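Enquirer: Chains A and B, in that order, give the protein sequences. The opening position of the first sequence corresponds to residue 1443 in this note's numbering, with each subsequent residue numbered one higher. The opening position of the second sequence corresponds to residue 166 in this note's numbering, with each subsequent residue numbered one higher.
Keep in mind that the hints were calculated from the coordinates and are not lab data. The structure presented is a predicted model; accordingly, all values stated were derived computationally and were not measured. Just so it is clear, CB atoms sit at the ideal spot from N, CA and C, and this is done for glycine as well. The reader is advised that the hints may include incorrect statements.
Covered by chain A, per the in silico footprint, the following chain B stretches (three or more residues, Cβ under 8 angstroms) [to be verified]:
id, region
1, 321-332
2, 347-359
3, 362-371
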Amino acid sequence: MRETISTIRQYVFVIRELTAREIKRKYARSSLGIIWSVLSPLLFMVVLSLVFSTMFKRSIENYPIYYLTGQILWTMYGGATNASMTALTDNKSLLIKAKLPKQVFILSRIYTSLVNFGFTCIAYVLMLFVFRIKPSVTMFLFPLDVLLMLLFSMGIGYMLAIAYVFFADIKYLYSVFLTLLMYLSAVFYPITSLSEGMQKAISCNPIYVFIAFARTCVMYGEVPDTELWIKAVCWSVGSFLAGWLVFRKNENQVMKKV
Amino acid sequence: MVMVKFSVFNIYVVGIVGVLLFILAVEGIVLGIKKLVENRELKKQQAQADDIRKEKKRAEKKPSVSMMLIEDNWDHAGEKPVIKVEDVTMEFHLSSSTPSGLKDYLIQMLKRQITYRKLYALYHVSFNVYKGEVVGIIGTNGSGKSTILKIISGALKPTKGKVYVDKKKIQLLTLGTGFDVELTARENVYLNGSIIGYSRKFLDEHYDEIVEFAELQDFMEEKVKNFSSGMVSRLGFSIATAGDAAEILILDEVLSVGDEFFKKKSLKRVKEMIHGGSTVLMVSHSLQTILDNCSKVVWIEQGELRMIGEPKTVCEAYRSSKAEGE
Chain A
1443 MRETISTIRQ
1453 YVFVIRELTA
1463 REIKRKYARS
1473 SLGIIWSVLS
1483 PLLFMVVLSL
1493 VFSTMFKRSI
1503 ENYPIYYLTG
1513 QILWTMYGGA
1523 TNASMTALTD
1533 NKSLLIKAKL
1543 PKQVFILSRI
1553 YTSLVNFGFT
1563 CIAYVLMLFV
1573 FRIKPSVTMF
1583 LFPLDVLLML
1593 LFSMGIGYML
1603 AIAYVFFADI
1613 KYLYSVFLTL
1623 LMYLSAVFYP
1633 ITSLSEGMQK
1643 AISCNPIYVF
1653 IAFARTCVMY
1663 GEVPDTELWI
1673 KAVCWSVGSF
1683 LAGWLVFRKN
1693 ENQVMKKV
Chain B
166 MVMVKFSVFN
176 IYVVGIVGVL
186 LFILAVEGIV
196 LGIKKLVENR
206 ELKKQQAQAD
216 DIRKEKKRAE
226 KKPSVSMMLI
236 EDNWDHAGEK
246 PVIKVEDVTM
256 EFHLSSSTPS
266 GLKDYLIQML
276 KRQITYRKLY
286 ALYHVSFNVY
296 KGEVVGIIGT
306 NGSGKSTILK
316 IISGALKPTK
326 GKVYVDKKKI
336 QLLTLGTGFD
346 VELTARENVY
356 LNGSIIGYSR
366 KFLDEHYDEI
376 VEFAELQDFM
386 EEKVKNFSSG
396 MVSRLGFSIA
406 TAGDAAEILI
416 LDEVLSVGDE
426 FFKKKSLKRV
436 KEMIHGGSTV
446 LMVSHSLQTI
456 LDNCSKVVWI
466 EQGELRMIGE
476 PKTVCEAYRS
486 SKAEGE
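Next comes chain B alone, as it looks inside the complex:
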């Protein structure tokens, strides 16, 4: 029997092979990059030319859009806006091919097949929101409504333009509230509450109130995975609107969840908050909800601002444009 220094030998080999592999990989990447850079320069120039062309097209279209603009400070002359959205543009890069894995990705990268298409989720949008206003944002699916809410709440930074708002005052409420289904409702209240900026003291004080409003007294020690979707959104709503913490409430398609009774209840809560001096920004597909609750409506279509003004006028215009489309 020959005794081999088994483990030590192994380590040695593994080490060397590892280092070799690493060097090989680095070499490969460097070579690849060198080749790519040359190709890319060309592509870039083409892409730039394309962009300029597109910008021009948009610029030509522009006048017709601004014609429909109604001055948005018609009843707030001289007042300072709570939210000021200034010339915001948001660009997304959509990958035109979707590699299915590392190998594919590398191959496509080497072949320069991965190109990006620019998508303007928002294009030079500006509007103001004043204290105490209830502003509705309307537009068809994919027109950039949720994007603008995310930008205002600070989750996204715009590519161009600026948003002036005190981010600490904002409370954003969206569907799919980020509950952890493996935890109990009580634990979720604390987890979620902490993330959206409540202190432990605040949560301790308002816990009962939150539970009561959501009407979930008997379920708080239950895991959220056993909840119905209505129960989950009720809990989400009552956490976000707890106390009088939120000065600016952003509702993303929230008022249309839950049963009839809870809908009424949450609407009432929102109205109370408005009376208490809160400013509300909401997105909804239901024009009725918008008409019933808003004092101003912003209409965004394909990332561009189409109209700002009184709910009736804007909703009317929105409706008729849809009717035309059909």
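One chain only, chain A, in its complex shape:
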């Protein structure tokens, strides 16, 4: 029992150290540092609102918030998976020495993106006040949604990290795929403006599921319907398990290669 506690402690310590390093490195050369995590989504929101607000005026009320909700979640997913992809190769020399399971390196990258997301949330909450979104109890579901999405990203991250070791080109393929996925996630347009078939296709997209979940509980103050719940939980748990299995199976292979 005491053993497990100290192992978990060590886990937390390692992840925090690794994350601290990530963040220090990321903002090493900028003078505003982590404040960019707050600023950049706001700036994006302003730009996109300027461009699209009039276009979607009828179908979306509160377009800036609609967009911001999608954008911050999208950024978190993109950031988390992209960072996880190179987690193993970036830490080559540490991998050999690591006492804990190699998963910590990916976990730390995921946690880094969560920390970033935390700062982004400052901007988000601020905007919720500015645009007078009615506070409601359902907003407490938002953190849960974020956790589910993180779990989903973790699974994808595991798989990408393994794939990247054997096949570095995946980096470029994935960036194209990410763009495609973004257009299919209804981040900045209303899903109702698409044909029915397309709507069905998009509603299966996990990223859209998580974004829709967030919009329902934050913007509209409603509890998401059962279908959305099932989809969100299935995607996140499924992806996590799949990623974990892939990682476990290929761990040794990776060590040989690295």
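Following the hints, put chain B in place on chain A, whose structure we already have.
Expert: Just chain B now, with coordinates in the frame of chain A:
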């Protein structure tokens, strides 16, 4: 002016094109795989035949090798070893062609030009290490020394065979210590320390001691990228040997870094640890270091165990075999 539903139209097209592309890619891959499977079956059979032939060759060679084996528990009868390496074989697959990119890779894969050559980094190696021993591992470059250390420390799993050791007790120290050059020395101590298994409390308590031993008091808030390589390895050494945490210390070509004074100092530290009951496993190219410090030497040549025994005997044999080669 005609107003086009610009963005929505775009999304629609992108979606469809994307899905089409995806389907095409999947189709292509499936077709390719089907073709490959047929070819592969043939290749596999050939490869297996090859392997059997090689194994046979090795088996024929074997007797001469085991003749040179000296019983490695000559002075530890009945004692339980701290590290038990049992019949370890490590196989690497070397790709015989190196595709320069995705296109090349796909083309070569379709043509079945990518074949793998098997390389035995270690071949049926076994030895024991007992508590308090200082074991040196010698052998020429690429003979599998570092591989065996990695296997013992748990970073690699052997293809065949087993290693019995309590991995929590091991401290592995190699050159190229995995410092992040963008961080300060202090941050690196904590980052590295956490990775090799020290708790925050332990690091807080031993921080001053680590700094003092590395003689870097005035540089701890400096970024590591401004350090000389000697300073970096000093820091690495003092982190790994901090406190009395390590019961088994694995040194991969470490005692030959730093200036003369630090070399002496680190040797002293290692000797202290041995007196404190630590077991040390070290790899070095300097036979003198091995002769001076080890109580037992393991000689590995091209992945095979050649000899285990007293430092003098083994080093002598190693030297004369090298001389013969010339």
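Enquirer: Evaluate each hint against the coordinates.
Expert: Each hint, compared with the structure:
1. 321-332: It holds: at least three residues are needed, and the region 321-332 of chain B offers 3 whose Cβ sits within less than 8 angstroms of chain A.
2. 347-359: Contact hint for the region 347-359 of chain B vs chain A: holds, 7 residues under 8 angstroms.
3. 362-371: Our answer is that it holds, as 3 residues pass the Cβ test (under 8 angstroms) against chain A, meeting three.
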